[in-house]
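Q: Input sequences plus hints: build the corresponding full structure.
Line by line, the protein sequences give chains W and U. If you read the first sequence in our numbering, its first letter stands for residue 69, the second for the next number, and so on. If you read the second sequence in our numbering, its first letter stands for residue 53, the second for the next number, and so on.
Derived by calculation from the structure, the hints in this document are not laboratory data. All of these numbers come straight from a predicted model, not from anything done at the bench. All C-beta atoms in this analysis are idealised placements derived from N, C-alpha and C, irrespective of residue type, glycine included. A few of these clues could be false.
To be verified - Here are the simulated lysine-lysine pairs, DSS-like style, with alpha carbons at most 25 Å apart: (1) W:K316 <-> U:K321; (2) U:K428 <-> U:K288; (3) U:K357 <-> U:K288; (4) U:K357 <-> U:K428; (5) U:K99 <-> W:K222; (6) W:K167 <-> W:K89.
Claimed, not checked - Not everything, but these chain W residues come out facing chain U in the computed CB check (under 7 Å): (7) L87; (8) T146; (9) G169; (10) T208; (11) S211; (12) H232; (13) A235; (14) G243; (15) A317; (16) A319; (17) R322; (18) L333.
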Amino acid sequence: MAQNDELDLLEDGLRKTMLSKSGPELDAALNDLGWAEMLSDMPDVAVPMIFRLLGETGSHASVLVDVVLHATGNEIGTDVELPLPYAGNTWVIWDRTGKTGTALGGLPLRREDDGYPIRVAEGRVAVAWWLVGSARAMLTLASRHALDRIQFGKPIAGFQAVRHRLAETLVAIEGAEATLSLPDVDSPDLTALLAKAAAGKAALTAARHCQQVLGGIGFTEEHELQRHVKRALVLDGLLGSSRELTRKAGAGLRARGSAARLAQL
Amino acid sequence: MTAAADFATTAEFRAQLVAWLDENDLTPPPGEHSLDAHQAQHLRALKALYDAGWMRYGWPESAGGLGGPDILRAIVGEEIVGRGIDHPGPYSMLDVLTPTMIDYARPELAAEMVPKLLSGQESWCQGFSEPGSGSDLASLTTRAVQDGDKWIVNGQKVWTSFAQYATRCVLLTRTGGPDTPNHEAITAFFVDLDSPGVTVRPLRTMHDVDEFCEVYFDDVEVPADRMLGQPGDGWKLAMDLLPYERSTCFWQRIAYLYSRFDALIAEVKSVGQAIDSDMGETYLALHMLRCRSRATQHRLGDGQKLGPDTSIDKVLLAGAEQRLYDTARDLMPGVIELDDTAWRTEYLYSRAATIYGGTAEVQRNIIARRLLDLGKE
Chain W
69 MAQNDELDLL EDGLRKTMLS KSGPELDAAL NDLGWAEMLS DMPDVAVPMI FRLLGETGSH
129 ASVLVDVVLH ATGNEIGTDV ELPLPYAGNT WVIWDRTGKT GTALGGLPLR REDDGYPIRV
189 AEGRVAVAWW LVGSARAMLT LASRHALDRI QFGKPIAGFQ AVRHRLAETL VAIEGAEATL
249 SLPDVDSPDL TALLAKAAAG KAALTAARHC QQVLGGIGFT EEHELQRHVK RALVLDGLLG
309 SSRELTRKAG AGLRARGSAA RLAQL
Chain U
53 MTAAADFATT AEFRAQLVAW LDENDLTPPP GEHSLDAHQA QHLRALKALY DAGWMRYGWP
113 ESAGGLGGPD ILRAIVGEEI VGRGIDHPGP YSMLDVLTPT MIDYARPELA AEMVPKLLSG
173 QESWCQGFSE PGSGSDLASL TTRAVQDGDK WIVNGQKVWT SFAQYATRCV LLTRTGGPDT
233 PNHEAITAFF VDLDSPGVTV RPLRTMHDVD EFCEVYFDDV EVPADRMLGQ PGDGWKLAMD
293 LLPYERSTCF WQRIAYLYSR FDALIAEVKS VGQAIDSDMG ETYLALHMLR CRSRATQHRL
353 GDGQKLGPDT SIDKVLLAGA EQRLYDTARD LMPGVIELDD TAWRTEYLYS RAATIYGGTA
413 EVQRNIIARR LLDLGKE
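A: What follows is the structure, given as structure tokens:
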């Protein structure tokens, strides 16, 4: 119980920090809060919490680079230009100085011509939690709007066409989160691949349904939704898109000749 | 052929069960596809599993069980249904109706009856839906009127699975007057189906199986001590039953869907990479469902009360099941339309996955109202 209270406190602190800081400033703040120790000592708690909160708050930090560095036996926090796989067999660099380029939604990503194969399973899990957080943020915005927005004399949440879209979004998010919540598994790479695919799909589902429910206001720059929609699009491509990973899972079925039952009681 | 009752972990339990199943072949006789053959196999498998103790784990000793956590039942179900020893439909009735009897029947009645069900001496059915009461179950009109120490039942049920094989029925009736709120006006009974006045008529479905029945009740006398719970407890009984339907039963059904997915992989893998996207989508849907259901089994096993959150499991199950059979149709062109195989029957049956056990629309309304707090529709 005491441990849960401590985690709740940590989460509250992190959320506040993320709401006030982003980019290199947030990196610095996370380092002060002990991010490197958290990642090496308790990744199963730290990664879901930090990345989900990045999604929920719409903030960003280069902590993904650390997750990949740590998984490949490198030092956390190293200022290295590490090519990360992106959709379409391409590569991107996450600029740790925060320099933004042409990437959608303000993430400091730029294309890189060459890369080399790296271990991505842990990074996929991290991005998947980020996508789940973004999806939840969109669902919260759209649900609140559906209750507040009155048309034809009642909240639009009362119309089944609207509420079913939001229900569908929650189903996609909960399904994705379930794939991220398996205990230690025999096939971590395949489990991470499927989780990233499920989370990307959930975030794109959330983007589509929540955009529709939010109607005109959700299409404006001033409304928060657009930031999450753009983040979801970019993160879906990072370390392999939902579409590509799903196809890859299909190829694995052919090679194996059967479907692995990854979830066991 | 007694089961080893000595296990420290669920993994050991499963290993012992698997070893027992390897030694005691319960595979159905080949070439037997009729519903009668399925039923015979169902009873035969249950008897062997009960005699060896496997069917008794996870049920309380007061009802003839051997105790242990609910999750043991999910493991037995997964192995039995996943190996094709029994079909998910008949097998699922055990996990739905046994908890209902244990929670609502008089203890002596539960102790007398439950072993008959678990050991394959009898099958039971669930008389809930009516021609006029599908999604709106609380509007049901089958009436029970008290007459001394018995109740007289009149009305009609429909979609009653396997009623033609059933000895008894867990029946929902209306006992309240017009001023009683719907949810307090319903009372459940445990009715012998050989009682005078009961007529069972199998209903031919679009997939050519007589699984569902219409059941008519004409002045059927039911002893008062066959009431499940108190007058007015019927709605609560129905709601309490749903989480069982959506936990252990779903786990068995998922095991079955995975076994059919393996069969599909074997059929189509030589096609090459053209199938990868469709197969990957199906795998992802099944995997999400299985992960979600795993978490639900553990919550049930930890004694948590399952509620509207199981509507998510139901939506995921229906979606994955239809996706699997849509993919089968897409990747095996002509097989469903031109050849008489199990794929055809199963494809057609999967069309009902978004209808039975609470329609997809009702589930989405529950999710919107109870999980997203979006108010009434």
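Q: Determine for every hint whether it applies to the structure shown.
A: Evaluated hints:
Distance hint between W:K316 and U:K321 is fulfilled; the C-alpha atoms sit about 14 Å from each other, no more than 25 Å. Between U:K428 and U:K288 the CA atoms are separated by roughly 21 Å; this keeps the pair inside 25 Å, and the hint holds. With a C-alpha separation of about 14 Å, the suggested pair U:K357 and U:K288 falls inside the 25 Å cut-off, and the hint holds. With a C-alpha separation of about 23 Å, the suggested pairing of U:K357 with U:K428 holds against the 25 Å cut-off.
The suggested pairing of U:K99 with W:K222 is violated, with an alpha-carbon distance near 58 Å, which exceeds 25 Å. Restraint check for W:K167 and W:K89: satisfied, since their Cα atoms lie roughly 15 Å apart, inside the 25 Å limit. At about 23 Å, the closest approach between the beta carbon of W:L87 and any beta carbon in chain U exceeds 7 Å, and the interface hint on this residue is violated. Nearest Cβ of chain U to the Cβ of W:T146: about 34 Å, over the 7 Å cut. The hint is violated.
The interface hint given for W:G169 is violated, since its Cβ lies 31 Å from the closest Cβ of chain U, which is over the 7 Å cut-off. A distance limit of 7 Å between C-beta atoms decides the matter here; for W:T208 the minimum to chain U is near 10 Å, and the interface restraint is violated. For W:S211, the interface hint holds, since its Cβ comes within 7 Å of a Cβ in chain U; the closest pair sits about 5 Å apart. A hinted interface residue such as W:H232 counts as satisfied when its beta carbon comes closer than 7 Å to some beta carbon of chain U; here the least separation is about 4 Å, so the hint holds.
For the restraint placing W:A235 at the interface with chain U, the shortest Cβ-Cβ distance is roughly 4 Å, inside the 7 Å limit, so the hint holds. The criterion of a C-beta within 7 Å of any C-beta in chain U is met by W:G243, whose closest approach is roughly 4 Å, and the hint holds. With a cut of 7 Å, the hint placing W:A317 at the interface with chain U holds, because the nearest CB-to-CB distance is about 4 Å. With its C-beta approaching chain U no nearer than about 5 Å, W:A319 sits inside the 7 Å limit, and its interface hint holds.
A hinted interface residue such as W:R322 counts as satisfied when its beta carbon comes closer than 7 Å to some beta carbon of chain U; here the least separation is about 5 Å, so the hint holds. Satisfaction of the interface hint for W:L333 is found here, the shortest Cβ-Cβ separation to chain U being roughly 6 Å, below the 7 Å cut-off.
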